[in-house]
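Chain order of the listed sequences is A and B.
So in our numbering the end of the first sequence lands on 593, straight run, no missing numbers.
So in our numbering the end of the second sequence lands on 809, straight run, no missing numbers.
Hints are computed from structural coordinates only; laboratory data are not their basis.
It is possible that some hints are incorrect.
[To be verified] List of simulated lysine-lysine pairs, DSS-like, C-alpha gap at most 27 Å:
hint, chain 1, residue 1, chain 2, residue 2
1, A, 37, A, 121
2, B, 782, A, 573
3, B, 390, A, 13
4, B, 414, A, 10
5, B, 782, A, 586
Remember, predicted model here, so these are calculated numbers, not experimental data.
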Amino acid sequence: MSETIQGKVVKVAGPVVVAEGMTGARMYDVVRVSKLNLIGEIVELHGDLASIQVYEETVGIGPGEPVVNTGVPLSVELGPGLIESIYDGIQRPLESLYAVEGAFMKRGTDLPGLNREKKWHFKPTVEAGIKVNPGDIIGEVDESSLVMHKIMIPAGVSGTLQKITEGDYTVVQDIATVVAEDGTETQLQMMQKWPVRNARNVQRRLAPNEILRTGQRVIDTFFPISKGGTACVPGPFGTGKTVVQHQLAKWVDAEVVIYVGCGERGNEMTDVLTEFPELKDPRTGEPLMKRSVLIANTSNMPVAAREASVYTGITIAEYFRDMGMSVALMADSTSRWAEAMREISTRLEEMPAEEGYPAYLGARIASFYERAGRVQCQGGPEREGALSIIGAVSPPGGDLSDSVVQATLHVTKVFWSLQGRLAYQRHFPAIDWLTSYSFYKQYLKNCFDDADQGLEMDNLVAEAMALLEKESNLLEIVRLVGAEALSPQDRFALETSRTIREDYLHQNAFHKVDTYTSMLKQYEMLKTILFFHKQALKAIEAGVDINDISKLKVREDIARAKYIPQDEMEKIPQIRETIEKQIKELQAAGV
Amino acid sequence: MLKEYQTVTEIYGPLMLVEKIDGAKYGHIVDIELGDGSKRHGQILQVENDKVLLQVFEGTNGIDVDTSTVRFLAKPLELAVSPDILGRVFTGLGVPKDGGPDIIPDKRLDINGNPINPFARDYPNEFIQTGISTIDGLNPIVRGQKLPIFSGAGLPHDEITAQIARQATVLGKGEEFAVVFAAMGITFEAAQFFIDDLTETGAIERAVMFMNLANDPAIERIATPRFALTAAEYLAFELDKHVLVILNDMTNYCEALREISAARKEVPGRRGYPGYLYTDLAMIYERAGRIKGKKGSITMIPVLTMPEDDKTHPVPDLTGYITEGQIILSRSLHRQSVAPPVDALPSLSRLKDKGIGAGKTREDHADLYNQLYAAYARGKEAQELATIMGEAALSNEDKKYMTFANEFEARYVTQDYYENRSIETTLDLGWELLSMFDNVELKRIDIELIDKYMPRFRKEQKNEEAAKEE
């Protein structure tokens, strides 16, 4: 029916096109503009005039050209074939586009998000004859060595499963038949579609109470994020937002990772593309690419598609969550998404709020992050899924009073504050330990199999944080009156906090061992640093010179503990023995 | 069948409104003929029904409403290219300016180009030796990277870009770069300095220049970098050349963009710059890179002057968010006669890790620059502390680091604009400077590397000391 709605372009201003004769069109319907078939989306309606944001370059478009309404909102295709794909902002597969049109992106090329030719082996997990409802898992496909793809009943379909057959199918071939109570038959395929701007349905939302391990010491130990949690990473350029995001995408213990490169550098996406297939998941030994989906709408690609890219990403993420998986979505950078909104808003001549951003900026950001969470999934069998969002923000000049940062901080529960000062010292990750925070800290102790260890870790973290806090106060005194004015204990507190900073918080993303630290190793490392601190304080009480302690050889071992591989972890407790021995020797020498 | 109209109704700022137009397309170009027969060029910014809004590249001085004729050319701005563009000088609008013949085009290319499919990109990982220690040692550039120079008024960015253009080679290959130079609103002097420098070394034969000088029309600057990059893409991806693009000065480009935006009465973003400045700059900067299966590459060095040396100004700020790092020049170092005055701490090359190490530069490169950075940062802190409390109040350790920072600036940062240091020289210099510290303090360097490289320098030091004692 809606195919018949055909309007005409009356105005072109950058990415916004206005068409007349669009009576009957609905907001957010997808339209095709001009003979070039450019994809666009209706964002405003005035009588029969529709304002359209076009996902492709509009040079060469003029009044009088046709606009065809497809009658459906912007949707993504969900099904086997998502994993290992790289898409643009509106789910066009970049690899296939490259094959079709070459290195430079042309306009109007239309390719489906899921490969139509490839056959997948579908294995039913239920028998014909049962009643099914939306969300019920009816079968599975071994999509990659890391992802067992569950096929679910799509929304709006329920009834009796009449037929279901195992076999090799493409995503559009019929695999099952459902008969509703009124007798209507629905053929099911492995592929389903979902409009990106709507959140997918869940049974019930749950509190996010389990830590998402990342292998990054400053994050896991001090500012952890939980499965289903949200985090905001703001920082000026050059502070390593992208490296943090890449590190998380690599090492996070989620089953599926969605990486949205939203308005960022092309070479960064290439980096991900070349690196992920080579990197191995520390838990399974499989290439990381086998659990990843990439959305790449780089900064020079059309701005409207950039606006859509985060929605495309999150809808795919929700789909995997609905299978009962733990999913992590990295969005780099949400500021570019906000800027895309601003650009479209300006072209629509809307009244701006702060810094030219539209008044609905805060609401859009909030509803995006609200799509994260730990949930009980819809349908049977009963299962839990979690979707965590880590959003990078690029505030102008690193100014945290920026609208996007503020709107994000309103809704996220973890704040990793990246500081230029730290980055200049090449202290990476440049997460400021004094201003960052996490609301999920209390769940850290549950990360350990041994409950006592968990409690001890809690205490160690508190102790380390107290030392860092103390350091910042002491440094002020040093600045005013010099280091000589401090008591030996305080001077040693400075030494230890330096150790915490340089040997624990500092982590080299490009070092093969240091790039990932298991929870247990974090515990051992922190314990060793603080053990040395306590032993040293005792020795100082006993009259040993602080300079002698500072020069102990074992400090080098502590500093290099981060380079001890996971399978040689027993070396770390040995350092503690060495500490005891060397300090005893000092004391003996002193007496 | 080109259509001509005499229906100009409004002219304001650099913009013109023409009515009763049929079949105008967004982004296409027009010729404007004035009453006296002279010609201008324009581009369509917006079409609404039969009304067309134009920007005039040469400015609207002297254009009138009654006698001006607008001719719609029904095509976007194009650059005529052929291998003969090498060695030529063009205006900011791509017209030959050197008195030479017109280019007989192999083809005409839309200057807006098309975005590179991220999947088609090849990761930049070939180290470029520039012969400048602060770049090669600490912030190495790789082929296909875009690395801007953040400068300020009165700082020697011209000397540095000329030095890079003169000395840049890919290690071990000896291939030379073709240079594409886009001047946007810079002075005749600055442009001539660069041309002379290229002429002296003969590099001018491998160069293409697009010149929009300070007294040329400001709006033309919006097209200049696009012409330059279209030429660069042609040279790189069709003629297999390695191209070095220098865009000087991007601040002037952004100001021209702001002028148009203000004339269109758009809602301004920060400091009056349009909200789409980020996207616009990205369309330029992202044209650097390498492409799978193509031999050539585009390496880009945009130069911009930071108003009041303020890094948070929208132009450097947005640039820094797009480019792969930045080289920042420091006024304080310049005053201390440290030349080139590269401020090592806030400077950064994001792609360095992929271009260095064993087989590319040397295995110790990464650890070495990490250690140099850490030590220099600490030394800088000590320097500051010394200015507040006096040197006497520093601890011995702080004093040592301060000495290091001073030495580092005097020997590592400082070099002549014609001194071409090999990467080995630069790396060895780093070890030599670090030799004043004990191994325990060199936490960022792998023990094995210290054992392998350091003894050489320690020994020399000891010998010197021994010589003194004698």
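Structure-based check of all given hints:
1. 37/A - 121/A: Violated - the C-alpha atoms of residue 121/A and residue 37/A are around 33 Å apart, more than 27 Å.
2. 782/B - 573/A: holds (19 Å)
3. 390/B - 13/A: holds (9 Å)
4. 414/B - 10/A: Satisfied, since the Cα-Cα distance of roughly 21 Å is no more than 27 Å.
5. 782/B - 586/A: Holds: residue 782/B and residue 586/A sit about 25 Å apart, inside 27 Å.
This entry does not satisfy hint 1, going by the numbered hints stated previously; all others are met.
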